[in-house]
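Going down the list, the sequences are from chains F and E. Here numbering that gives the first Met the number 0 is used: the first residue of the first sequence is 0, the next is one more, and so on. Here numbering that gives the first Met the number 0 is used: the first residue of the second sequence is 0, the next is one more, and so on.
Derived from the structure by calculation, the hints contain no laboratory data. A hint or two may mislead.
Some, not all, of what chain F presents toward chain E, calculated at C-beta under 10 Å [to be verified]:
{"id": "1", "residue": "Q120"}
{"id": "2", "residue": "P128"}
{"id": "3", "residue": "K129"}
{"id": "4", "residue": "A132"}
{"id": "5", "residue": "E134"}
{"id": "6", "residue": "P172"}
{"id": "7", "residue": "D200"}
{"id": "8", "residue": "R204"}
{"id": "9", "residue": "L205"}
{"id": "10", "residue": "F213"}
{"id": "11", "residue": "W267"}
{"id": "12", "residue": "H327"}
Glycine residues also receive a C-beta, built at the ideal position from the N, C-alpha and C atoms.
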Amino acid sequence: MRLHAPSRRELVLASGTLFAWAHLPKLARAEGRDPRFLTVILRGALDGLATVAPVGDPDWLALRGDNALTLDGKLPALKLDDFFALNPAMPNLHRMFEAKEAIVVHASATPYRERSHFDGQDLLESGLPKPGASESGWLNRALAGLTPGGRVDPKGSKLFAVGPVTPLVVRGPAPVLSWSPQRVLPASEDTVQRLLALYRDCDARLAGVLEDNFKLAAAVEQPGTAQKPAAPGPGQVRAYFSEAAGTAAKFLAQSDGPRVGALALDGWDTHFNEGIAQGRLSQLLGALDEALSAIKSNMGPAWRETVVALATEFGRTARINGTDGTDHGTATVALLIGGALKGGRVIANWPGLKPANLYQDRDLKPTTDLRAVLKGVLRDHLRADERALAQSVFPGSEAVKPMAGLV
Amino acid sequence: MSAKSGLSSGKAAAALGLHRFGFGPVGDAIAAVATDPRGALLADVERPGAGRLDAPNLMSSSEAARQVFDFRAERRAEQKLASRQQKQATASGEAEVASQMAKLSGAESGTPAQKPPLPQQIILSEAKARFDAAANAEIGLVERLVWFWSNHFCVSADKDAAMVGAYEREAIRPHALGRFADLLQAVESHPAMLLYLDNVQSMGADSIAGINQDKGLNENLARETLELHTLGVRSGYSQADVTNFAKVLTGWTWLRPEEPVHGGEFVFVRRFHEPGNQVVLGKRYAEGGLDQGRAVLADLARHPATAQHIGEKLARHFVADDPPPSLVTKLAKVFLDTDGDLKQVAKTLVTAEESWTAPRQKLKPPAEWIAGVIRLTGTAADIPIGRIMNAQVALGAPLWRPPAPNGYSDNEAAWVDGIARRIDIATEFAGRASRAEPLELLESGLGPLASPQTRETVARAESRSQALALLVMAPEFLRR
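Turn these sequences into a full structure, and let the hints guide you.
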């Protein structure tokens, strides 16, 4: 079997995001199945409570006040069950949930308990129990294990990457092919704001120039003008997420294409003016929602054999901080979508939101190990070996049993 | 940790020196040169072969000119043939012609993605060799000097794309640490310069060719040599000096590139040359053909105004938009005392007290900043040269395509508005750095220069790639 090279047009669509794919899970195919698996790394720490709100928790309103999503707010949250409701920016995910094609795992976290993005992302992608240098990711090692004897098809790579840098989650012993995209997304508004804050502290001249530049960009950002805005607008981000995820789905959908892949979507670090119902996070979640929809439609008939796992390095503070945002926290949500799921459920061993129930009196307490979710999917969907999952894929995770019954 | 009061050693001085005079520290360079930063810079100019580019695959300027001429001739023939056949096809309606056309345009099945046209290929290879030299340089002082002189004596690919890269290797590099007089002779007699400043067709009105063709002088090269390359504007020369110098330079031209063996090379054509003695800057230059021009250039090269002009430009480029006058004076004096020994001038530049005490306020020009980003993030092998060149275009400083013969500006005002665009480029390039540790790179690239705010901004980034983008956009990295 050989990989089909994506057309140039499709590569352009991939535009800066990262993908990787692998060939077929052989055991699953022996059962007559042809499962697809995609993992989406959400870098920056997604606010799980703003994504899936515990509207039935008696302490919810007191905790988040005006920023709490509710079923009867101005922008009502979308009801998932008697306790949880989805951010209103995600109607497509809501439809999937109602069609039993989506699962929310709440109050989940990796084993990481510090609050550094870099280390947290490393741990999320490496699958190791502690931060530290790792040259391989859990998805790559899982795939290496799927081939009997650990052999890799010499005629073609198991993994495939499009993008400037292959994400750690798919790096490792199985070879990874990669392509560099032709086009990239400009710097995010978040990056610009961080720089502006730095310049205001340290270099008034640069701060002034940057501010003027944005005023100018805003002034000319009208139909008929050619000048580009300094940072990508919500429309650009939406198009980018959808194209990236949608292109990944197209490849996974091909009858003899790759079967496993990964991509990363950045931008979730919402320290100030989070915009949960309206604003920045709402726009990002809307963009993600459209990307999920693009995955489903581009999967075509393969959707029913698909599982997509979305995970972030950690959650955010349970309370809103002093700048209408949230700081680095601990537990958050993991999302699963796909036609292969036994969906329509929020899985949570809910820790509660009273101060005493919060982790270190600040974060949603983790009650579900994210590795249990991923191990469950890898075992039951891709037929990964349970012992390999405990030893080489997520080393030291013997005590973390794969979550059963997801697919 | 402040860089006040003449630091002669220590990590802060090392970091300052490596940014100000090189392409910025990488790895453990700051620590490595901390005991004697000046010594490290002096050693850079003493390396054997410093300034030369080891690139045996690159063509000479004349070879490039000939190949591009042939390439264009072939293209024209193809187009002519195609349009001829199209006319026939319209007349006869034969489908076979369409396939011939497809063949000509390289659209046959199985043809891989088309290579860029030859002139672009040449520029890409030249640019890659140049950029690699900067990316791989230990310190980069000599490469910075090459870039400085190349900009001082700029030519433009808009005029001739085939020769710009080779021009830098042939005319600039061999003399960047040599004598200014030799540099000047090499530059003003290089076909790329003669073409750029229109001297190839200049002829004396009283020369044989001038009489026969009713043609005459083009003053461009003479004027810019005086105004930009040597004495400097308003330094006392008159229009008569320009005209007479232009007469002196008539006959300095090239062999047209269709000539199959020596096409594209410099040649002195006596038929073009204005006969007779000429007076330039009050001195009489006897008729002597090519040697007449050489004599004028030799005198211009050791003129005090030239020394002052070069001293000021060097100090402005490396040290401050408004350079300390005492530094300019030092540089001018060494220039005169050593008869334009550019190595001695460079050594004076990097050892002068003023070079170490001036505030770190100089905004790095686009290409220098890009080189610094790529060095620090270790992405030289990951970023195609085309993207680097695109970045230079986006920042308003396309490689070897300055808008005018005075080259790219050395003042902050020219570049500071491009800061917003630099954020995009920082984001793109940082996104290609695999597994770089932002806080380690902060130590490597800035060390003691990093402010607490910059450290915090980098440490708190939402991802490694964002952290790197913020690092290379920090004021301490943008300025030197």
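So which hints don't hold here, by number, going up? 2, 3, 6
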